[in-house]
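Engineer: Listed below are the residues making up each chain.
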Amino acid sequence: SQQGEEDPQALSIQEGENATMNCSYKTSINNLQWYRQNSGRGLVHLILIRSNEREKHSGRLRVTLDTSKKSSSLLITASRAADTASYFCATDWSGGYQKVTFGTGTKLQVIP
Amino acid sequence: DSGVTQTPKHLITATGQRVTLRCSPRSGDLSVYWYQQSLDQGLQFLIQYYNGEERAKGNILERFSAQQFPDLHSELNLSSLELGDSALYFCASSVGEGDTEAFFGQGTRLTVV
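Chains as they are written, first to last, in this note's numbering: chain S, 1 to 112; chain F, 1001 to 1113.
Incorrect hints may have been included.
To be verified - With beta-carbon atoms standing in for the labels, derived distance ranges: (1) S:Gly16 with F:Lys1057: 25 to 35 Å; (2) F:Ser1079 with S:Ser58: 34 to 44 Å; (3) S:Thr20 with F:Gln1017: 40 to 50 Å; (4) S:Asn52 with F:Glu1054: 21 to 31 Å; (5) F:Gly1003 with S:Lys56: 19 to 29 Å; (6) F:Pro1070 with S:Ala10: 23 to 33 Å.
Derived from the structure by calculation, the hints contain no laboratory data. The beta carbon of each residue, even a glycine, is placed where N, CA and C say it ideally should be.
All chains, full assembly: derive it from the sequences and hints.
Structural biologist: Printed below as a string of structure tokens:
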């Protein structure tokens, strides 16, 4: 089963609005990463947050991490049509070996 | 350009056949990961190698195998192909074993007919 699960599965917003995506995971982690995937293309790394961090910013992106709830959120502010993509969270699942395990993704559509 | 190179970009083959997908990681990266992404699905972790050694296995079928060579490039072998194996196969690399950013190739789109 997937380590991470994103919510919602799909999100449609108007350009200029904020988009929030959530990720829940099952086991303890050392870090959590967010990636973006444009349709049928490779994934692009957005941000990495370590387990001892609670919040991190990168441009229009804000990521929070709540290890007690095993959840993270990605906020994209002032969205643009170019933000239309699928967003995945990934954890370095501490289940024996470290490996980057992805959730099922949130499809974001930003309408111009 | 992530620095990770996957070849070929597209592959169309018949059921029952065998194919090999190749991945060249970024210079200096020791970890290579393989993922399968079926239509509208998330990424399924298949297998990870670190410096030539298998480190972790995910949902990889017995018909699939992989290896990482001394020059750190990796190959994913898919045999006895079935229609359901049609998917995008991604390779990613990272410096460490999961505690650092992973860089993805553009993927190989496999179509089994």
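Engineer: Each hint: holds or not?
Structural biologist: We went through each hint and held it up to the structure:
| no. | hint | result |
| --- | --- | --- |
| 1 | S:Gly16 with F:Lys1057: 25 to 35 Å | violated (45 Å) |
| 2 | F:Ser1079 with S:Ser58: 34 to 44 Å | holds (42 Å) |
| 3 | S:Thr20 with F:Gln1017: 40 to 50 Å | holds (45 Å) |
| 4 | S:Asn52 with F:Glu1054: 21 to 31 Å | holds (30 Å) |
| 5 | F:Gly1003 with S:Lys56: 19 to 29 Å | holds (24 Å) |
| 6 | F:Pro1070 with S:Ala10: 23 to 33 Å | violated (44 Å) |
Checked against the numbered hints given earlier, this structure breaks hints 1, 6; the rest are met.
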